[in-house]
Structures are given as structure tokens and as C-alpha cells.
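Enquirer: What follows is the residue order along each chain.
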Amino acid sequence: MENRPLEYDYTVAKMFMLTTIVLGIVGMSIGVFIAFELAYPGLNTIFGKTIAEYTAFGRLRPLHTDSVAFGFTVSGIFATWFYVGQRVLKVSMAESKFLMFIGKLQFWLYVAGVAAAVVSLFMGYTSSKEYAEFEWPIDIAIVVVWVLWGVSIFGLIGIRREKSLYISIWYYIATFLGVAMLYLFNNMEVPTMLATSPIGETGIGSWMHSVSMYAGTNDALVQWWYGHNAVAFVFTVPIIAMIYYFLPKESGQAIYSYKLSLLSFWGLMFVYLWAGGHHLLYSTVPDWVQTMGSIFSIVLILPSWGSAINMLLTMKGEWQQVAASPLIKFMVLASTFYMFSTLEGPIQAIKSVNAIAHFTNWIPGHVHDGTLGWVGFMIIASLFHMAPRVFKRELYSKGLMAAQFWIQTLGIVLYFTSMWISGITQGMMWRAHDEFGNLAYSFMDTVNVLHPYYALRGLGGIFYLTGFLMFAYNIYKTMSARPVEESELQNASPMGA
Amino acid sequence: MFHWLEKHPFLFSVGVFLTIAFAGLVEIVPNFAQAARPTIGTKPYTLLQLAGRDVYIKNSCNSCHSQLIRPFKAETDRYGHYSLSGEYAYDRPFLWGSERTGPDLHRIGNYRTTQWHENHMMDPAKIVQGSIMPAYPWLFKNKADINTAYAEQLTDAEFFAVPYNKPVPLKDGKTTIIPMAKSIATAHAMALKEAQAVVKDMHNQNVKDAVAKGDIPEIVALIAYLNSLK
Amino acid sequence: MNKLYLWGIIITAAMLGATYKTITYLGKSGLNGDIINKLAVAGAALLVIITVFVVVKYVRQMQTDTATGELADESWDNIGEYKNPVPFGWAVIFLGTIVWGLWYWTIGYPVNAFSQIGQYNEEVKADNAEFSKKYANIKGEQLVNMGESVYLVDCVACHGLNADGNNEKDAADLNQRISVKSVKYAIEHGLTGKLLGTEATMPDRSGLMNANNNYAPITNKEIDEVANYVAGGFKDKNSAGAKVFAGTCVMCHGANGQGIAGMAPQINGWNSKLIVNVLDYGKVGAIGKMPIMDTLNPKQKEAIAAYVMSLSKGE
Ligand code: HEM
Ligand code: HEM
Ligand SMILES: [Ca+2]
Ligand SMILES: [Ca+2]
Ligand SMILES: [Cu+2]
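Chains as they are written, first to last, in the working numbering: chain A, 1 to 497; chain B, 498 to 727; chain C, 728 to 1042.
Just so you know, the hints here were simulated from the structure itself, not pulled from any lab data.
Keep in mind the model is a prediction, meaning the values are calculated, not measured.
Careful: at least some of the hints might be erroneous.
[What the hints assert, rightly or not] Calculated cross-link-like contacts (lysine-lysine; reagent style DSS-like; alpha-carbon spacing at most 30 Å):
1. K730/C with K316/A
2. K623/B with K730/C
3. K730/C with K896/C
4. K705/B with K1016/C
5. K540/B with K49/A
6. K690/B with K638/B
Let the sequences and hints guide you as you build the complete structure.
Expert: As C-alpha cells, then:
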């Protein structure tokens, strides 16, 4: 045993790779559909008037956000954890029957939870809070899945051979703790089934209904403390875990600076949580909470950029790799989009800028710089790196991968430029007064000008989705090919022609 | 020290947790007592209004509509007085929204009417040329879930001391009482009475017939809720 | 020049150009001298410029530099780490933002130094001062234009672009004073709105006696006749409707429906006071309910009245 290299067991990683891809397709298809619903209203009746209720924008929007966040992204986090975790801790899942069982249990419960969530959102069971729409029975399932993941993480750490924790592990641990804390507090709710009427009737009304523990402004505070940090601990922290492993691994380069990693990590942990107030600017929360949100958002630029810069510097002198490998291109561009959105966010967090940006399309624009360019690209890159290694086959097609890269990049550019422009337009039109001091535009004037931008965004979405389907096909062909790989390559992914 | 911490996963995790939990406390806790107090004139929702609010949530109207008027002249000109914290005292959950694909609705009850909503919800583009809001014909058929709304009212009263059946101060110095039923049966009777008042101003014959029969279509509850937003 | 910088400049210029184009092609908005608009656009510009050029800087390093430094002893799954120091610029800016944050928090704008409501009050005060000075004596054509501008924002939702209230299905047709169905409604049900701004009410049909007809309550036929006469603009003085009007309505509405102060409103045409009262108190009638429009200021209401009156001119 001691002399042979470790045989890592990727069973659970493979399972979650599957859900990453499937839920990615589902979530992005819905995204494209709702994007076009705003450009061409009435689209919700194309599947027939009888089911229009289930395909209207409002019903589908939470399905989009939740299936990309809790489906695609969280699956991606799990898939990469069950790959990266073993390798940097130097311990195989195969060494512990218990951990293997917990991992599989986590997967199947997760799948059951996803199914329940999808059905319930279609039915209109939602608590309305963004990214926390699920009603309480599903919340409970989520908590269980999360606890199981915690057992996996700390179980594996417990039996590790590598004493010191690699940077990626820091970020996975932070993801686990952060989401656990946030999710629990924001979903405190009382099921209405618990109520008793004055004459003693119980169990009244629907099971799938609850009342938030907090009211009004307080509810908003908790929600955006959560919402902002859900961005932190779902769309940022675990994705950094991925890039810290997959970029150096794929390129064979050493991390540029340990000190920079360290400062960025602790800086990010400390600063992120204070910035949630920037979702509540000019609302009814106290002025000081808002000011705090703005200040910390500006400070947050640096710990965010720290990781991105560390990654770009890791590629110092390696331009030929960037030029030759679409896989590395994905990761370099992901860092770039990460920098873009973590500068854009703080700028939007300045009160005067937020006065324009809030409530407009500039926000979804910012969101998708981050989610498409950073989250999406990193998860795709991670899976591309993993596929040849977990399936022990060469990647089906590098040409397809390169084409995918350019198509998706074009998609992102269309998405964010259209939303950027339409958002600023909207914001300015709402504020505009005419020469008489009256509002210059009716609300409909501000809706009418958006049509071309909505259409353009939809087109961008089609590009991105097309790229994602190419990705799915590429992985499928890889998976189903004849195994060839004898011993694993150390660095760059083996590629077909 | 950090190198050492990186070799001790438990302490490392404790460190991370303390770092992230601290900020949360500072951000959230101080505001709790003060923001929860209702402004004078803010009343708990009636049964039918609550049922309508649930319809609003079920269809995620909040994904396009905000309910938060910011203190800018451009917004108060368009929507009326800026929003006050205490006005949301009975909002569980809050419905501020984060997108304004459609206009703000926090005071929609002031400048739109039952009849207008009835026409608009049936086919927005017919009333407002170029509207991109979807049509909601199913609200005219689906029945509002009065049982669940009643359970919600009971929960509000039992767990959160929402003052049902108690005097609530009004702006003019008087008080009013928002009633809560004793049983499911009386709750239905109460909701129906509210519904009849709304339907008086409506034209859709199917809806009128349904209410005459004792049913309450979702649209009636939704309009009761929208009219309460002032 | 390096190709990369060229690309950077092209991308930046394209983004900024598109943004500029957007904010200027809308006649009535643009930057508008609004500081908020300026800051937002400046922010957008900064965002593109900084990101593009910082990234270009690092990409240059990928092209020309080489990786150096002392490797740490550890390696994880063969990933090494250099012991390089943190980049100087990054560290300085990080420290800078922290110092700035502390300053802002404690000295610049300590906890209660800023109030958004205070800011709002000032904004409104300044705006009103400018507005009331500039338009104190606005009249005629200009007043009508001002009214139209309000109408297009606040009233089209119900009264429509042609101001005909979607053929009186959704709201009153403002191109005419009143329609047959509204007159009939007033007579049959009476009216308790505040068209005069007072509590004066119009009796319903049981309280309307026809003097030409021995003070018997008004009949359906008479209602038809008088409604056509009133809605038709008091044209045919010999019609049956004119007789009914003379017998039943004149004492309140005056001989030609011009209204009598304190008694009943003008019904042969609009007047400014009447329209302002509708905006102030709303109205319930044959068509439905007209809401109270209390976001408008008195000048705007006066302007709207002028606009509405201009619609039926020459009819
Ligand atoms: C320094 C880092 C960041 C800061 C300071 C920041 C700041 C902001 C601000 C000010 C808003 C707008 C709130 C509003 O007016 O409605 C926002 C929204 C949002 N941002 Fe960021 N952002 C950052 C990074 C990111 C990243 C990297 C992502 C994703 C990958 C992201 C995802 C989102 C999402 C999903 C929203 C929408 C929230 C909603 O539903 O309203 N942000 N962010
Ligand atoms: C095919 C690509 C996609 C398209 C066309 C698309 C489209 C959309 C649309 C139309 C919205 C609603 C915006 C609105 O209400 O105005 C939205 C919201 C959102 N999407 Fe996507 N999306 C795509 C992919 C993704 C991915 C991959 C993620 C995450 C990994 C994501 C995360 C989100 C989030 C967090 C929101 C909520 C934003 C907010 O509330 O401000 N989307 N998307
Ligand atoms: Ca929940
Ligand atoms: Ca949102
Ligand atoms: Cu945020």
C-alpha cells in the first residue's frame, strides 16, 4: 500500500457531476425562456393556455435562480469537493466505508430534495424570499443534506495523511460553515399548521405554508444579510476553492504567493459579512446600516481581487499555455470576470450609484457577469479537468471545447452589455423630470425602450446555453468512450484532437 | 500562527466561524427592537387581504414589482409618500422585491381601483398598451385558500402578538378593530362578506356568480390585498 | 503599441460609447445636470477602465515575465506554493481602503451624521423653490403643455392616449363634458362625490320632480330625453329634454347647465375648479371609480385642468 500511489474513489464525484450538468441545462434553459418572456410577453401561453399558470414569468423565475444556484452550482461544489478533497488531503474515500455511505446518502437525499423543490416551486409554494424560496419541509431536507456534507468534510479531514490544509480546503470549510449559519437564520419560520383556532380546531390549511419569524424591515435585514452572503458562500468562496486547485493543477504552475492567499482568505471572511446593507440602500433600515454596507463593499474589492490577482500571477510567463489550452482560457477569463463583478458590485454599492442601479436591469447584468463568467466558467473548467481523470478516458474533443469557449464568451458579452445599457437607461428615465418639473416618462415609456435589450439578452442566453449543451455532449462522449488512460497525467488534461 | 492553524482543522473552523458570525450580530441585532413598531394607522391584514397576499406570493409578483418607495423626488412624485419602516410591521415575509420590471406597488391602493385591476389582471396589454406583464386569467378560476390564510392569521396572533380583535390606533385618533374568526366556519363567512364588498365593483359575471355561490376566486382576494396597499 | 493595450482601449471605448449613446439619445433625460446620473455614469466608466487595464497589466506579465521565487516545502497533490510577498500596490490600496473606511466611519460621517430623509427634504425644497418660481405665472399654451406632460404620466393608464377612457369602458371620455350614460347614472342614483368641493349632493330620481309635470317623480322617458339633451351639449332648446331640464334641473344647474355656485356643478362644459375637485376628491359614477390623485401639486392640477379643457375646445 505505502509504495503504490493512492487509488482515489470518485464514485460520489461522478454522481454530482451528473447533476451539475443536468441541473445546469434545466436552469439555463429556464433562464433563456424567462429572458424571452420579457422581450415577447405572451410567450408563457405557447405551451397551451391551460398550463400558462405554470410557465408565467413569476413562477419560473425562482425555478431559474434556485436551479442554477442550488442545483448547478451546489452540485458543482459537491462534485469538486469529492474530487479535490481526497487529493489534497491524500486520503481515498475507499478507505472509509462510512464516508462512502454518507456520501451516497447525501447524493440521494439531495436528488430527492431537488425533485421536491422543483415540484413545489411549480405549484407556487414559495416563501418569496430570494434564494430562500423553499417552504419549511424542503428547508429541513436541505439542512440534512448539508449536515451530511459536513460529516464528509470533517470525516475526510479526520483521516487525512496531509497534515496541513491546502487553500482550497479553507474555502470549502468556510462554504460549509457560512451557508449553514446563513440558511438556518434566514429560514426561521413557523409552519401555519401549528396554529389552533379559538374553538380548538388544529391542522388548518396547507402543509406547505409558513410565517416568517421576522417582520418587515427586520425580515429584510435578515434576508439580505443572507442574500448577500449566499453570493459570498455559494457563488464566490467555493468557486475560489475550485480555482486554487484546478488552475495550478492544470497548468503545472505553483501558486504565486502563499501570503497573498492568506490575506485574501481572512480578509474576505472578515469583510464580506458586513456588506449586506448594500442591498437595502435608501430603504427603511437605519442610515448607519446602509453606510456600513457601502463602506465595507469598497473595502471588499481588495480581498476579492487578491485571489484573482494571485491566480493571474500564477500564470506569469505561461502565455503559451493560455493561448494553446481552452481549458486554461476558461479559468483565466473566469478570474477576469470575477474581478469585473467584484469591482462592479462595490461601485453599485455607492449610495449615489445605487440610487440609479437598484431595481434596474443593471443588477441582473452584474449578477450574470459573476454567475456566467465566473461561476459558470469555473465549474465547466473544473469538470473538464476532472472528466478524463475520473472516467479514465481522454477528453472527446478539444476543438469542441474551444468553440464552446468562444460561443459562451460572446453570450456573456451580449448579456452584460445589454443589461448594463438598459439598466442605466431605465434608472435615468425613472428619475428624469421635464422642463416643467414633472416626471418626464410614464412607467410604460421606460418599459418600451427596453425591448431590444431584452431580446439581445435572450440571444446572449441562447449562446451561453448552446455552449453548455456542447459541454454536456463533450463530457458524455468522453464518459462513454473506451477507457485508455493507464496512469494519470500529472498536469494538463489529456486531449483528443 | 496561521501555519499552525492550518494544521488544526477544528480550531481553524472555529476561527472562521467567529470571524463570520461577529459581523452578522453587529449588522442585525441592534435594529430589531426599533424597526418592529407599527406606525399609527398601520393595520393588520384582514383575512381576505391575507389570502390575497398569499396569491401575490404564489405568483411571485414580487419578482417584478417592488413595494418600497425610496426617498427621492422622482419616486414620491410617481408613487406617493416614501415608505416608512413601521408600515411593514405586519409584513411576514416582507415584499420589497429587488427588481422593478413593473412599477412599485406599495401605495397602489391609492391610485388604482378594483375595476381597473380586474381588467388589467385579465389582460394587461389591453389596458396598458405595450405592457409586458403576463395575463393572469387563472386567478379568475382558482379558488383562494381561505383555510391557509386563516391559519396564517392565527399564527400571527398566537406567535407574534399581532393585534387581531384588539383596538388599533388610527391617524385621526380613533381606533379600529380587525376581527379574527373563532372557527373555520366563521372565518369563511367573514371572508365571504369581504369578498362581496369587492365584487360589487367588479364586472366579470363568472366571478360574481362564484361569490354568490359562496366561493372566492383568487382575483377577489388579490384585489382586496392590492386595495389595502396605501 | 502592444496589441493587448489596443484591444483594451477598443473594448473600453466601445462600452463607454454605447453607454454615452444610451444616455443621450433620449431627448428628455440624458445627464440632466443630475449629480446622481453623473456619478452613476462615472462609476460605470471607471469600472470598465480599471478592470480592462489591470487585467491587461497581468496578461502582459503572462506574456513577458517568468515565474520566480522560493518554493515552500509543502506541496499538495503536487501543487506548490511560492513564498512571494504580496504585491505592493495591492497591499497599499488594501490598507488605504481600510484607513479610509475607518475615517469615514468615525470622523467623516459618524453614525448619525447623515439622514436620507433630511437629504430628501432638501431635494424637494430646492426643487419646489425652482419650480414654483419658474412657473408661478405660467398661462395659456404653456400651461396646457404642462398639463399634457402630467396627463401622459399619471392619467393614461385609465383614460388612455386618446383620452377617451377606452370608449368609456375604463374611465370617462375627457374629450366631451359628459356622456348619456353618466347623466342617466347621476339622475338614477344621485351623486355624493365632491364635485363642488363641498358636501352638496345630487338627489337620486326619487328626489327629482318635474315642475312641467305637476311635480311627479321623473320618468324613464324623461330621463332619456334630458340625458340626450345634456350630453348633446344643450343644443335643441325646443326638445323634450330641454323642457325636462327647465322643469327639474335649472334650479340647481342653471338655465344652460352653467352651474350655480354652492348649488351644483357646471354640466355644459368644464371649468378648472371642477376638474381640480375631481382630482382632489375622486369620483364614483356610471363608469366606475376615479381615484384621488394626491401626488400632484396644485400647479400641476391647474395645468391638468387646462389640458382637459383644451381637449373639448371647438366641439
Ligand atoms: C466585492 C464583491 C461584490 C459586491 C460589493 C457586490 C455588490 C452588489 C450590489 C451593490 C448589488 C445590488 C443590490 C441592489 O441594489 O439590488 C449586488 C447584487 C447582486 N450581486 Fe453582487 N457584489 C459583489 C460580487 C458579486 C459576485 C462575485 C456575484 C456572483 C457571482 C454577485 C452576485 C450578485 C447577485 C446574485 C445580486 C442580486 C441580488 C438580488 O437578488 O437583488 N455579486 N451585488
Ligand atoms: C443561459 C444563461 C442564462 C440566462 C439567459 C439567464 C437569464 C436570467 C433572467 C432573465 C433572469 C431574471 C432577471 C430579471 O428578473 O429581470 C435571471 C436571474 C438570475 N439568474 Fe440567470 N440566466 C442564465 C444563467 C444563469 C446562471 C448560470 C446563473 C448562476 C450560476 C444565474 C443566476 C441568476 C440569478 C442569481 C438571478 C437573480 C438575479 C437578481 O435577482 O438580481 N443565471 N437570469
Ligand atoms: Ca424557507
Ligand atoms: Ca433580485
Ligand atoms: Cu451583495
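Enquirer: Run the distance test for K623/B versus K730/C: straight-line Cα separation, threshold 30 Å.
Expert: violated, 54 Å
Enquirer: Measure nothing beyond the straight line between the CA atoms of K705/B and K1016/C; if it is 30 Å or shorter, mark the hint as holding.
Expert: Given that 30 Å is the threshold and the Cα spacing comes to 18 Å, the pair holds.
Enquirer: Given the hinted pair K540/B and K49/A, is their alpha-carbon gap at most 30 Å?
Expert: violated, 38 Å
Enquirer: Please verify whether K730/C and K316/A have alpha carbons no more than 30 Å apart.
Expert: holds, 18 Å
Enquirer: For the pair we were handed, K730/C and K896/C, check the Cα-Cα distance against 30 Å.
Expert: Distance ~64 Å between K730/C and K896/C Cα, so the pair is violated.
Enquirer: With the threshold set at 30 Å, check whether the alpha-carbon distance from K690/B to K638/B stays at or below it.
Expert: Holds, at roughly 19 Å.
In summary, the structure is inconsistent with hints 2, 3 and 5 from the numbered list given earlier, while agreeing with the others.
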